[in-house]
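Engineer: For reference, the chains in residue letters:
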Amino acid sequence: MAAMKRHVLYIVRLKRYLSSYLGTILILVSLIGSSVRAEVGRPRGVAISKSSFYKPGDTFTCLDNSAVLPYSQVNDDYCDCKDGTDEPGTSACPNGFFHCTNAGHKPMYIPSSRVGDSICDCCDGTDEYSGEVICDNTCKELGRAAKEERERKKQLLGEGYEIRKQYCEQGKTAKEEKRSRLEQLQYDKVQSETIRNDMEALKNQAEIPEKEAKDKHQQAWEAEKASRQANREIDQITSAFKELDKNGDQFMSKEELQLHPEMDIDNNTVVSDTEAKEHLEDNDQVDFDTFKDKVWPNIKDIYRSPEPVAEEPPEGSTVEPEESPPVDPEMEADNDKDLDEEDDDDEEDDRKDERGEEGSPPAQEEEKMPDYDEETKKLIEDAALARANFDEADKRFRDTEKELNDINSFLNMDLGPDEVFYPLKDQCYEFTDREYIYKLCPFDQASQRPKSGGTETNLGRWGHWAGPENNKYENMKFEKGLNCWNGPDRSVLVTLHCGTNNEIVSVAEPNRCEYTFNFNTPAVCIDTTPEEPHDEHDEL
Amino acid sequence: MVTIIDPHIKRDDNYKIHKEATSNGYYVKNKDGQDYDGWCWPGSSGWLDFTNPEIRKYWASKFALDEYEGSTESLFTWNDMNEPSVFNGPEVTMHKDAKHFLDWEHRDVHNVYGLYQQMSTAQGQIQRSTKNERPFVLSRAFFSGSQRWGAVWTGDNTGEWAHLKISMPMLLSLNLVGITFSGADVGGFFKNPDAELLTRWYQAGAYQPFLRAHAHLDTRRREPWLQPEENMKAIREAIRARYSLLPYWYTLFYVGEIRGGPIMKPLWVDFPADKATFTDEDSYMIGSALLVHPVTDAGSSGVNVYFPGKTVWYDVDTYTVYPGGMTHYIPVTLNKIPVFQKGGTIIPRKNRIRRASNLGRFDPYTLVICLDPQGSAEGDLYIDDYHTFRYRQGEYIYRKFTFENKKLKNRNIDYKGTYKTTSWLEQVVIVGLQNKPTHVEVTGSSSERKSLDHSYIPETKVLVIRRPGVNIGEDWTISLQ
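The listed protein sequences correspond, in order, to chains A and B. Heads up: the first sequence begins at 3 in my numbering, then just goes up one per residue. Heads up: the second sequence begins at 66 in my numbering, then just goes up one per residue.
No lab work stands behind these hints, which were simulated from the structure alone. Check the hints yourself; a few may be wrong.
Stretch by stretch, here's where chain B covers chain A in the computed footprint (C-beta under 8 Å, at least three residues) [to be verified]: (1) 89-100; (2) 391-404; (3) 410-422; (4) 509-518.
Keep in mind that this is a model prediction, so the values were computed, not measured. Positions of the beta carbon are idealized from the N, C-alpha and C atoms, including for glycine.
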């Protein structure tokens, strides 16, 4: 009682002399007053809201009603209640809690194990009262900082929310646009498919006579070529025979054959009788017809005319450069098949040239297939046109189909509530760390590449939204990235935080090859936190 | 905080230690007399010759607070890779013909190389301290005598049940040869243990002298709070069980310092006449009061435990009594660790939960008294300031508790000890008391008698005495009537 009176007198004196500091000091004094009251009125560690359970008296009942104790056993540093409620102010109960008032900041419950452990857990330092350590009262500063943080967050949330609204607009609009386009496309698809099918029929129709005519022409040419070839060969054989038949008696004898060292079979540089006879099919001499039919096939590859031939193409050169003879535009429009055949013909001809036939360039020109006649050319032209029409119709159809599929995929995408994540699609964001540049493309993939340059490593493709049950849009999962040797496929878990810019703010790899990104975006600037109960414990 | 310092020094002219080692000739030499060059984590490395006392002095001086940048008196050391481990050496160690101090070849000093480094590091920590603080050095390589310098562990094991099982015979062997402060990596170094294996490993490790969870960088995160709820709780309970027994462990280590002897013991050490203990590798003693039989099988629902001696044993959770001389089946659940206190022993515990052991240095004690068939028990307790060497100048308490003829007495058994503590006695539990007492009182040094509340559970024959409130470092007697 006397103490209280003293306090009152003090206040009165101060009022008179320190009016400018009145406010502050009054508050201080009343704080002191209230803590004195607390020590008497409610036990240490008890929150005001629970003080009714701790009314001083003869007995105390554990809040779980498990026991009734003498009141002296409250805070006597021995645990008597199963629920730990007889020791709110000490560390005696393993399941107990201590309440810090923390005036100026947030009141808080801490586990009883933190009372009297020489660590200042409450900002008002009331959890340490043994004298072993003196705790500063940091509640004012913390309170101010917390308030600033709350305001900063509120501001950020506000700004972010405005942007978020725009995102929703964009997303909704985009999807609506696509939906109406979808309708149009579905109609277009049907149309273009019909047209395409029609064109295809026309094409097939035109190609029949075209092929017929071309085939006919080709066959005629083949026949012509064959006869020319036969004639050429006769010439060759004739001149060879003439040359071989040294004595001009219309017979080629084995002696005349032996004059040609290239007839040597066994590489002993001499053409023996046996060898000559072998070539001559066991005859001593042959007439022209026999020579043509029986001997020439044996020796045609080895026979060497002794006269130097003008413009003999060098050994080893195969085919002349495929600078094909000037080609008809009609033939260009044909399938490649024809040109290839022509090239093959040229090659065959060149090989023949190598064997020593005179005049290769002129021979080449001779081998060119003559132009198609006017009628055939017209058929080719018509068929080409039909083909072109078909190609165009086909392309149009495919393009429509593709766009349709793309739009369907897009419409099926989960872009979040009100399509809020739409603006993030088709964007990529980068973050540079000590060693790597990380890249995140939402709904697409994530990757990293070395800062110093090098190949990109895939860390995962878009998997799904991976947040907790009550808010799956908190996290994105990218998976099935490049496999880690002797480990998992790389993957990334992205956690989204409210921020006014879309950006990666940090990257970590808590488990080998399993990455985490923290990504700021206005898209999540909505207040999802429930009203914080400020750590109030409701034991009842 | 403990950070790693390996013995290999990176051969890098920008590295101060390498420069000093090179210019002073501190490196181990190869057979041709040049600095021995081997491959290790940093690449090309040299090794300081710890067999040379001058070089040990040099090394120790590097721990001075103004030398070891960023260090404080709360920073301690882990000397890893100090066999030494040389990646390109024969059997992954140093060449046998490398040359050491006084021309000794490595083959002759290989086994003590690690001990010398640990010794030197410990001395460095002692020297750097302005407050007479004790060192802490964990070492992978050790030899006879290493127990004087710090803790050791069994190296790179694997997260498999077989490795959990084998940690026991390994640590028992180490204890028998004097390496008492030893343990195995909880959870296994290689691979990823499942939640059950990890839980059982924490439980076993909690009852082994050196407790540390550790794993290879590439393994998945396995902190207790990342485990399923049930496992997290069981792991937390195991760690809390260990913390509550710290006074007991601490006393055992004090006695070990004075007298030697194993702390984690095969059963036959205390029961040499009981042949059934000779091949038992699944159970072991911690001191002379606790028998531990960790669960080391997946999905186990029970274990068979052999209880030696002509006495009784009490389950520390349930106080179920088991007569000695036979095997009993002990059913287990995920959070159960089969631990038994021997009849006739008194164990001092600190049951208050703390985030770190140091935070509980002023906390009160609970004495758990398990009576032998004759109704007696005894135990001891050692207390000091827990962090300095002042105990060597007598700043300690060493006391003995005895219970007989229904009286619990606390007496000083070492008057050289002058330490004072504020810790007090908050609870006494007497197990195996046949009859409920009518009255319990405590008499302190002032001869004032105080009546004490108590409660008796006839089913388990357990008496709980409420809040004696006497100082643990003073003489007093609690009597039952």
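Engineer: Hint by hint, say whether it matches the structure.
Structural biologist: Evaluated hints:
| no. | hint | verdict |
| --- | --- | --- |
| 1 | 89-100 | holds (count 3) |
| 2 | 391-404 | violated (count 0) |
| 3 | 410-422 | violated (count 0) |
| 4 | 509-518 | holds (count 3) |
Hints 2, 3 from the list above are not met by this structure, while the remaining hints are.
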